[in-house]
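K.L.:
Use the sequences and the hints to build the structure in full.
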Amino acid sequence: MKTSELIAALAADPIPEPVRIGRRIVAALALGLAGAFALYALAVGPRPDLSAALGTVRFNLKFLDALALALPSLMLLARLARPEARPGALALWLFAPLALLAAGVAVELIVVPAGEWLPRLVGHNMRYCTTMIPMMAAPILMALIWAMRAGAPQHPGWTGALAGAASAGLASFLYASHCPDDSPLFVATWYPLAWLVCAAAGAWAGRRFLAW
97 MKTSELIAAL
107 AADPIPEPVR
117 IGRRIVAALA
127 LGLAGAFALY
137 ALAVGPRPDL
147 SAALGTVRFN
157 LKFLDALALA
167 LPSLMLLARL
177 ARPEARPGAL
187 ALWLFAPLAL
197 LAAGVAVELI
207 VVPAGEWLPR
217 LVGHNMRYCT
227 TMIPMMAAPI
237 LMALIWAMRA
247 GAPQHPGWTG
257 ALAGAASAGL
267 ASFLYASHCP
277 DDSPLFVATW
287 YPLAWLVCAA
297 AGAWAGRRFL
307 AW
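Taking the numbering used here, I'd label the letters of the sequence shown as residues 97 to 308.
What the hints contain is simulated information worked out from the structure, not anything from laboratory work.
Mixed in with the good hints there might be a few duds.
Just the calculated beta-carbon pair ranges, DEER-fashion [to be verified]:
no., residue 1, residue 2, range
1, His220, Gln250, 24 to 32 Å
2, Phe159, Ala202, 18 to 26 Å
3, Leu214, Arg143, 18 to 26 Å
4, Leu214, Arg178, 45 to 53 Å
5, Pro179, Leu292, 23 to 31 Å
6, Leu146, Pro183, 30 to 38 Å
7, Trp213, Ala192, 21 to 29 Å
8, Gly118, Glu212, 43 to 51 Å
9, Arg178, Pro215, 46 to 54 Å
10, Thr152, Ala123, 31 to 39 Å
11, Pro142, Leu167, 18 to 26 Å
12, Phe191, Arg303, 18 to 26 Å
These numbers were taken from a predicted model, which means no experiment stands behind them.
We put the beta carbon where it would ideally sit given N, CA and C, even for glycine.
P.N.:
The structure is reproduced here in structure tokens:
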């Protein structure tokens, strides 16, 4: 085949459409959140005093912490779908939920008598908390891993861990409306434990399904 014929043949081949990773992530979030909300509705539900709790700083801090974990994790996830991408300064925002929790704990230790610290830390449903957050995060994580398979992450394990962290943040946002324990001492102890479970599951899924 002549060179001119080869060039003409290559030019005639259809150009593949670029992967719309952002759209896939949005679609995955819609699907995963639908599954998480179904679990919430069937097995969890809002706490009885929800309307009264909405007026307290401790209660609202749980939602802020959850969003502070979910949003930067999702933004980094979309960035790292491409092999040439680097986390950059955006990775520093992953420390935001920890900083918020640390600030909340510091205030709690100042305003609450020392005799109440341990009961507030243990709370009423630590086992339920560390179980239900990963359970509600599972459909979100599976959907995000599906979305990321269209990309080419350079570090599939870390990318999967970010998917797990994002899933944990979104699941925590749902679960927070049920959790009767609002103390920052409780939230700073048991919520991050559930987040680590989700991140570890995501890291395993990333190495298993995102490697190339």
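K.L.:
State for each hint whether it applies.
P.N.:
Tested hints:
no.	hint	result
1	His220 with Gln250: 24 to 32 Å	violated, 43 Å
2	Phe159 with Ala202: 18 to 26 Å	holds, 20 Å
3	Leu214 with Arg143: 18 to 26 Å	holds, 23 Å
4	Leu214 with Arg178: 45 to 53 Å	holds, 47 Å
5	Pro179 with Leu292: 23 to 31 Å	holds, 27 Å
6	Leu146 with Pro183: 30 to 38 Å	holds, 37 Å
7	Trp213 with Ala192: 21 to 29 Å	holds, 25 Å
8	Gly118 with Glu212: 43 to 51 Å	holds, 46 Å
9	Arg178 with Pro215: 46 to 54 Å	holds, 48 Å
10	Thr152 with Ala123: 31 to 39 Å	holds, 36 Å
11	Pro142 with Leu167: 18 to 26 Å	holds, 23 Å
12	Phe191 with Arg303: 18 to 26 Å	holds, 24 Å
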